[in-house]
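Given the structure of chain X, go ahead and fit chain Y onto it with the hints provided.
Chains X and Y, in that order, are what the protein sequence lines are. Everything in the first sequence is counted per the working numbering, starting at 5 for the first residue and increasing by one. Everything in the second sequence is counted per the working numbering, starting at 202 for the first residue and increasing by one.
Hints should not be assumed to be uniformly reliable.
[Claimed, not checked] Chain X stretches covered by chain Y per the calculated footprint, using a threshold of three residues with CB under 8 Å from any CB of chain Y: (1) 74 to 83; (2) 92 to 103; (3) 110 to 121; (4) 150 to 164.
Treat the hints as calculated values from the structure; they're not laboratory data. Ideal placement from N, C-alpha and C gives every residue a C-beta, glycine not left out.
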Amino acid sequence: MPDTRTDSTLSLTNVRAGYGATVVLEDLSFDLADGEKLSIIGRNGVGKTTLLATIMGLTRLHAGRIGLGALDIAALRPNRRAHAGLGFVPQQREIFPSLTVEENLLVGLRPGGWTLERVYDLFPRLQQRRTNMGNQLSGGEQQMLAFGRALLTNPRVLLLDEPFEGLAPVIVEQLFQALLRLRDESRLSIIMVEQHAKLALAFAPRTMVMSRGRVAFDGASRTLIDDPARLDALCGIGGGIGVAH
Amino acid sequence: MPRPTVRVEPVKRLSVPHPGAAAPSTWRGLAMGRTGSDLAIAILLGLGALATLAFGESYWLLGSQVAITMIFALSVDLLVGFAGIVTLGHAVFFGVGAYSVGIASVRLGWTEPLLGLLLAAAVAALLGAATGVLVLRTRGLGQLMLTMAFASMVYEIANRAKPLTGGADGLQGMVVSPILGLFDFDIFGLTAFLYTLAVLAAVVVFAVLMTRSPYGRSLVGIRENRVRMQAIGTGVQKRLLSVYTLSAALAGIAGALLAQTSQFVGLNVLHFSLSGEILIIVALGGAGRLWGALLGAVVFTLFKDRLSALDPAYWYFWLGLLLAVIVLFAPKGLIGLVDRLLAAGRPKETA
Chain X
5 MPDTRTDSTL SLTNVRAGYG ATVVLEDLSF DLADGEKLSI IGRNGVGKTT
55 LLATIMGLTR LHAGRIGLGA LDIAALRPNR RAHAGLGFVP QQREIFPSLT
105 VEENLLVGLR PGGWTLERVY DLFPRLQQRR TNMGNQLSGG EQQMLAFGRA
155 LLTNPRVLLL DEPFEGLAPV IVEQLFQALL RLRDESRLSI IMVEQHAKLA
205 LAFAPRTMVM SRGRVAFDGA SRTLIDDPAR LDALCGIGGG IGVAH
Chain Y
202 MPRPTVRVEP VKRLSVPHPG AAAPSTWRGL AMGRTGSDLA IAILLGLGAL
252 ATLAFGESYW LLGSQVAITM IFALSVDLLV GFAGIVTLGH AVFFGVGAYS
302 VGIASVRLGW TEPLLGLLLA AAVAALLGAA TGVLVLRTRG LGQLMLTMAF
352 ASMVYEIANR AKPLTGGADG LQGMVVSPIL GLFDFDIFGL TAFLYTLAVL
402 AAVVVFAVLM TRSPYGRSLV GIRENRVRMQ AIGTGVQKRL LSVYTLSAAL
452 AGIAGALLAQ TSQFVGLNVL HFSLSGEILI IVALGGAGRL WGALLGAVVF
502 TLFKDRLSAL DPAYWYFWLG LLLAVIVLFA PKGLIGLVDR LLAAGRPKET
552 A
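With the rest of the complex left out, here is chain X (with noise of 0.2 Å):
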C-alpha cells in the first residue's frame, strides 16, 4: 500500500503567485494538518487576501505546488476545486441578490455533514430570514450567509477573508462566537485571513504572519499573544493594538 497520509490537508510548496505578470506572493510555503485551524495577520498588502484567492485559483499560479490531501490542484479551475473540498467565503460576501436567503444557502449544495438544518443552528437569524432576497440583508446577516453556503458545499478546508471586516462591533461579537462554535465542534480545517490581530490570534492555536507576500512568523498564537511587542514589529503599527491592552 501507498503511504496515504492524511495528517496534511492542504499543502503550499515554494508557492509563487500574483495578477498577470505581477507577482504578490513569493515563495511561500505551508502545511495545514487536517482538522487544523489557522490565522493569517499582516499588514494592509502583504497578499493575504491574494493568498486565498490562490489557493481557490483565482490568481495566477507561477510557481509552486498547492495540495489537497494527495491531489495536487495547482492546474484545477476553481469550480474543481470547491468539489475537491475547498470552501471559500470572500471579503466581499458576494450574496447573490435576487436568490432568497434560502436559495443562496443551496445553490451550491453539496452532501455531507452540513445541512441547512445544521446552517440554520448554527445561525438562526437565517432561518428568521430564509425567505427574504440577498439584496435584503444587513452586512452581518451576508456574512452568516456567505459562512453557510460555504459550509453547505461540504468542504474540508474552510477559507475565511476578513470575515468581520465592517461589522458592527456587537454583530462581530456575535459571529465570533459562532466561529468559535464551528472551531471547537467541527472537524474542518478552518483559515482566517484577519485584520484584528486579537480576533485572529484568540480564534486559532496556530498563527502565520505575511509580509511582502512571505511568511514572517508561523508558529504559536500564544507566543505572539505574550509576546505583543514582536507582534507589532511583525504586524506595524496598529496590527497589535487589539493585544497591547
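Using the frame of chain X, we list chain Y on its own:
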C-alpha cells in the same frame, strides 16, 4: 497578559454529522416570495384559455399562435432572464424546429405529430449545442453578434436549399397525422388549440420545476456572479451550455408546433425580426420571471393581432407606442406592474 476579551459561551452541540443522511429538502422553500404575481397571472391565463375554448371559436387559431409564442418566450427567458445569456438569433432554433417537422413530413412522409416534436427538439438541441460552444465563449455584445451571425447563416442556407426547404416559396403540402391517431386537425383549429395548450402546459410545468430546482437557481447565480458560482463548485461553462441547448430544444418545439398547426413553413420562421420580437416579448413581460414572459407573449400577440386589424397600414407604429408606454411605466415589465398592483392591495406588513 490578559486573554483576549472575547467570551466563549457554553454552546449546545451541533447535530452530529452523518454523511449518509438523507439529502436536505432542497426543493422546500425555493423561490418563495414572488409567487403572488405568478399565481395571479397563472389564474388569469388559465381563465383566458378556458373562456377562449368555450366562447371564442374565432380565436382558436390565434390561441394556438399565442400558446406557441409563449413556449418560444419561455425558452428565451431561460437564457436571457435566468442565465444572463443574450441572444438576437433565437429564431434559428424556432425555425430549425419548424423546418425539421416540415421536411420530415413533406420529403420523408413522417407525419406523426408527437414524434415530430421530439425530432424538432433534438435537431434544435444539436444545433444549440454546436453553436453554443462558440457563442458562450463570448459575453454581452459578442453573444449578440454571434447569435445573429449564426441565425443569418442558417436563414441564407434555408433560402438557398430550395429542393429541401422550398426556398422563398416555403414548404408546401405538409401533412400532419391525427394526434395519437385519434384527433385530426380541424379547420376551426380546435384540435390545434388544445394540442398547443397541452404542450404549453407541459413546457410550463417543466420550466417552473427547472427554475426552482438548484440547477435553475445556479443559473441565476451565474448571471449575478460567475466567479462566485465557480468558487462554490459550479462548472459554469458546462452549465451555460446545458441551458443553451435546453433552450434551443424548447424553441425548436415551439417552431414545430407552428409548422404542424399551420401546415406550412416559410422563411419568416428564421427571420431576424422574429429573434428581435421574442426578445422584446421577454422584456415586455419581465425578464427572469417565467410568468412574466408568458404574460408578455399573450399581450404582445394579442396587441399585434388587434392593432393590425384596426389599422392595417400603420399598426407597427401603434405597437411601438404601446411598448414605449409600457416600458416607461413598468420598467420591470408587466409582471412588475402586477407585483405593484398586488402590493398596493395588501395591507402593510409590520416586520
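* To do: Check whether three or more residues of the region 74 to 83 of chain X sit with their beta carbon closer than 8 Å to a beta carbon of chain Y.
  => Holds, because 3 residues of the region 74 to 83 of chain X bring their Cβ atoms closer than 8 Å to Cβ atoms of chain Y.
* To do: Check whether three or more residues of the region 150 to 164 of chain X sit with their beta carbon closer than 8 Å to a beta carbon of chain Y.
  => Check passed, 3 qualifying residues.
* State whether the coverage of the region 92 to 103 of chain X by chain Y holds or is violated, taking the criterion as 3 or more residues with Cβ-Cβ distances under 8 Å. => n = 7 at 8 Å, threshold three: holds.
* **Stated coverage of the region 110 to 121 of chain X by chain Y [criterion: 3+ residues, CB within 8 Å]** => holds (count 12)
In this structure, none of the earlier numbered hints is contradicted; all agree with it.
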